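Trainee: What follows is the residue order along each chain.
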Amino acid sequence: MTVIHDRQSNPAAGDEDRPIGYGRIQRKEDPRFVRGKGHYLDDIVLPGMLHGAILRAPVAHARLVSIDTTNALAHPKVVAVITGKDLLGLKLAWAPTLSADVQAVLVTDKVRFQGQEVAFVVAEDRYAARDALELIDVEYDVLPPLVDARKALDADAPVIRDEIEGRTDNRIFDWEMGDKAETDAVFAAADVVVSQEVVYPRVHPAPMETCGAVADFDAVNGKLTLYETTQAPHAHRTLFAIVAGIPEHKIRIVSPDIGGGFGNKVGIYPGYILAVVGSIVSGRPVKWVEDRSENLMSTSFARDYIMQGEIAATRDGKILALRTHVLADHGAFNATAQPTKNPAGFFSIFTGSYDLAAAHCSVTGVYTNKAPGGVAYACSFRVTEAVYLVERMVDILARKLDMDPAELRLKNFIKPEQFPYANKTGWVYDSGNYEAAMRLSMQLAGYEDLRREQAEKRERGELMGIGVSFFTEVVGAGPRKHFDIVGLGMADGAELRVHPTGKAVVRISVQSQGQGHETTFAQIVAEELGIPPEDIEVVHGDTDQTPFGLGTYGSRSTPVSGGAVALVARKVREKAKLIAGAMLETRPEDLEWEKGRWFVKGDPSVGKTMAEIAMGAHGTIALPEGVDGNLDAEVTYDPPNLTFPFGAYICVVDIDPGTGEVKVRRFIAVDDCGTRINPMIIEGQVHGGLTDGVGMALMEIIEFDEDGNCLAGSFMDYLIPTAMEVPDWETGFTVTPSPHHPIGAKGIGESATVGSPPAIVNAVVDALAPFGVTHMDMPCTPARVWAAMQGRARPPI
Amino acid sequence: MQIPAPFDYVRATTVENALELLARYGPDSRVVAGGHSLLPMMKLRLSRPEWLIDINDLYELDFILRDGNKLRVGALTRHTTLLESEEVAGLFPIVRDAERVIADPVVRNRGTIGGSLCQADPAEDLSTVCGVLGAEAVIRGPGGERILSMSEFHRGPYETAVGHDELLCELRFGIRPRSGSAYEKVERRVGDWAVGAAGAAVTLAADGTVDDAAVGLTALGLDHPLAGAAAVLRGRHPDEELFAEAGRLAAEACDPVADQRGPVDYKRHLADELTQRVLRRACARAAQMQEG
Ligand SMILES: Cc1cc2nc3c(=O)[nH]c(=O)nc-3n(C[C@H](O)[C@H](O)[C@H](O)COP(=O)(O)OP(=O)(O)OC[C@H]3O[C@@H](n4cnc5c(N)ncnc54)[C@H](O)[C@@H]3O)c2cc1C
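Residue numbers (this note's numbering), protein chains in the order written: chain A, 64 to 860; chain B, 797 to 1088.
Honestly, the hints are just simulated from the structure, not real lab data.
Mixed in with the good hints, there may be bad ones.
Said to hold, decoys possible - Only part of the chain B face toward chain A is listed, based on derived beta-carbon distances under 7 Å:
no.: 1; residue: Met797
no.: 2; residue: Ile799
no.: 3; residue: Asp824
no.: 4; residue: Ser825
no.: 5; residue: Arg896
no.: 6; residue: Val986
no.: 7; residue: Tyr1062
no.: 8; residue: Arg1064
As the list claims (entries may be wrong) - Pulled a few chain A residues facing chain B out of the computed Cβ check, cut under 10 Å:
no.: 9; residue: Asp106
no.: 10; residue: Arg355
no.: 11; residue: Pro542
no.: 12; residue: His545
Owing to the predicted nature of the structure, the values given are computational and were not obtained by experimental measurement.
We treat Cβ as the ideally placed atom computed from N, Cα and C, and that holds for glycine.
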């Protein structure tokens, strides 16, 4: 294990103490955020701007009989009312999703989920737009809804997508990975097999800022400027060109400061398209911003996987194989954001961190009368579900074998010398040292002492649980030849310009929703060129200003865009070498690099700093053959593989035996994301993800009643954790660089969201061991925990 | 942004003025105090008053006052004020117990005791608190002032004796020696409404036996303090057996409904468990007061 110590920096100290490159520095974006000077979508006000509001379906499944907009149009402030019929005329009633399906922009034939978009009002102000929704008369012919995914494939289930020619059932896809025969053979011969249904309920990313758009179509020059809450501006531009038929060079997508994304802002929502239609129809800019209920009820949910897990092992605890069948509820339209070839995202990483002889998974995706979406909420394309499954199964196996869950994991980890490691479902893990991370986590936790304390408490009837989880993430999609979204290869570009005075601007294709890109990407350039981070401007979120690339989600910014930025800086460094050679009248081969400066080998006093070279590049000296007069470069980075961050988490809970309330007392998170660019930002990402994990494990769920009514349409019903529910996070780290990434970095954005729910649930189940509980599904609310204590644990769906 | 239906707004200057405005604008007008129940309902368009009469300038209704053997609390007293009052905590520890778990600081800074009691949400905590403390509600209307017991005031979920043209002005709490009280709530998360909660107030006789006692439940389908609790507890020494008996009584008397917070069996269990806990604590506090 290489443990490098963070380069500490005192923010109060002078510039000379601040790291030029990697290290702990405060975020460049924070001054504007903490002073309330961020510029979010709803802060955008354009001259003459109108406001849109969406009428949504009150029921989950119904035939649309009629819409009467007369009264709404009569409202003095209403400018236009758009219905599905209008969109049919424009060929915009249906839009392609990110998963080769289509989604209704406005209902034309049938409502397919509660909250679905039915009509769009454009008015002089937001209040009038909202009031006018009540003036639209809609007649529905209510149909029986399909709510329970387990019944989606029953012969008598209502067919939700009957508009698709020849469709007679609700099956979206069947997909499998791994060798079934081989796996079955290993299972048949194994000493011990345990099986368990493990449910990952539907949850919601619930970003602080809801989704919205301001569309500004200039009828004179035919240019559409679309301000959107999007994590992927370039992909959106291409899709808008394809969907709306507007030439791509006449579309500019701007993604301003975004109040969180978590995957919720990857797809294109009907509201964005409607804002564009509204602007084209009215000839004025149109703003549409959804409210909290609309966000929770209609935008991309996450998870909703019912997983039948099975694990096979020898009697002495060697894990042999895993197999699972998953029923995936995708809602009314298959609108998950995922690479084309992966209908279940990266779920096939469910073999986790263990060296297995065989593995097989199959996933069946179904339609139900629920909001569409699927891959969202910091899940690295379904790694969250995969890790949760394997980490629950390993714990259940440990109980069955009467082994300590940490010991069982240590016994089965992939060994450091096995990397690069090809697992049984087609992934090649780049690097890892799992045992080191696990041991560090146990040491930080005081694992042995915790187990002793638990034994004493059990004697007294107190319920204390210790949960362990170990995860391997797979992030940074990815090599173009394997990964694309609707045909767009998942590469990212970067452009770097060093101005004559040695200050620089780097333009990137990914978009920050709070990850701190403006800081870390400046630090990457700083590390490569020796220009201080504060002298480097990071430009992102505007397709007219940045190179093409697929955007920020799936923890791909550092693995892909970060690679691009390092490479573009190196390209500039090489160019600087040639120019320095000309300036020093030396052959470039005779120059040596130290951070920020090329100097003559053997004579360090003779050299040129980056600022001097930049001035030289733009000045009057004769440049070498083939070198043009600037210090700029651009690259597009197509990563050779994904990166595989990992971590070892330990959670301690106390449960009130009388009420079932769970208190997370301690949480120890050891993460390994390879090279650490800014440890403070890494810790921030981990803290946020762990908090997400507490939410999902203990309280979050989007539930529906039998009529398909969404029961989580506000923050009173959809609970997200606060500072009161989370402990003082204890973080640690190891560093195992990625061998193929330009700077050895892996992603960190989603590690904690992926790794923490199993640690918490494992702790809860561990605490309930005296009651004979071997499994309970999330969320571990007081009522559900109490039911488990009574031997009545039930899946939430 | 959630947008309420159109409404007009007026600020009352005095209690008299507020009553006039209520009379003038009739049944489509609503008093707004902290606004933390009314405004969310208006934003969801579940409530659509045409006139909002703002009573936040009625400082005459924002007070905590010891008056002989009564504690008088103005209807416009904020949750935060109640939470932080040492006098209230000393006399009626149940109030601080409850206020600590009502909503969050932002809501508590604005929400009022009057608004809470008039809203009478079935999961609202102060109705139970006032119920077990045997508070009196002072109401003023066109016909003058009326003083009601909590059982007259509180009629059930979302229903009180306050007429449309009336204003709740004050709550009065009787101060008794050798008394203790307690409240405990189970919530899914800080700031959430109760899955279930219980409150108890106990007065001990000089010999340490129970002289008087009241037990109330929140969000568990019991509108008024548990009938017969006093009869069962009176004259007996507070011990585990007694608490268990009271818990059983509460579980039998309650009538919870299943919802996202939990099924009926769990809520019934909470009625039992929490009743025992609050009685245990209330008796301990009463005994301490006796000693002190
Ligand atoms: C997020 C959130 C969480 C909450 N959690 C809890 C909780 O856990 N427990 C709990 O008990 N409460 C909770 N509440 C409610 C909170 O305590 C409210 O403040 C309270 O219920 C209402 O008080 P208010 O002053 O805000 O009343 P308002 O909203 O202003 O008024 C409520 C109703 O009472 C009427 N009214 C108000 N004052 C008077 C008066 N003096 N005379 C006659 N009528 C009057 C109004 O016309 C209205 O109908 C929560 C609220 C929120 C927003």
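Trainee: Does each hint fit the structure? Answer for all of them.
Mentor: Evaluation of the provided hints:
no., hint, in the structure
1, Met797, "holds (6 Å)"
2, Ile799, "holds (4 Å)"
3, Asp824, "violated (17 Å)"
4, Ser825, "violated (20 Å)"
5, Arg896, "violated (11 Å)"
6, Val986, "holds (4 Å)"
7, Tyr1062, "holds (4 Å)"
8, Arg1064, "violated (11 Å)"
9, Asp106, "violated (13 Å)"
10, Arg355, "holds (7 Å)"
11, Pro542, "violated (42 Å)"
12, His545, "violated (41 Å)"
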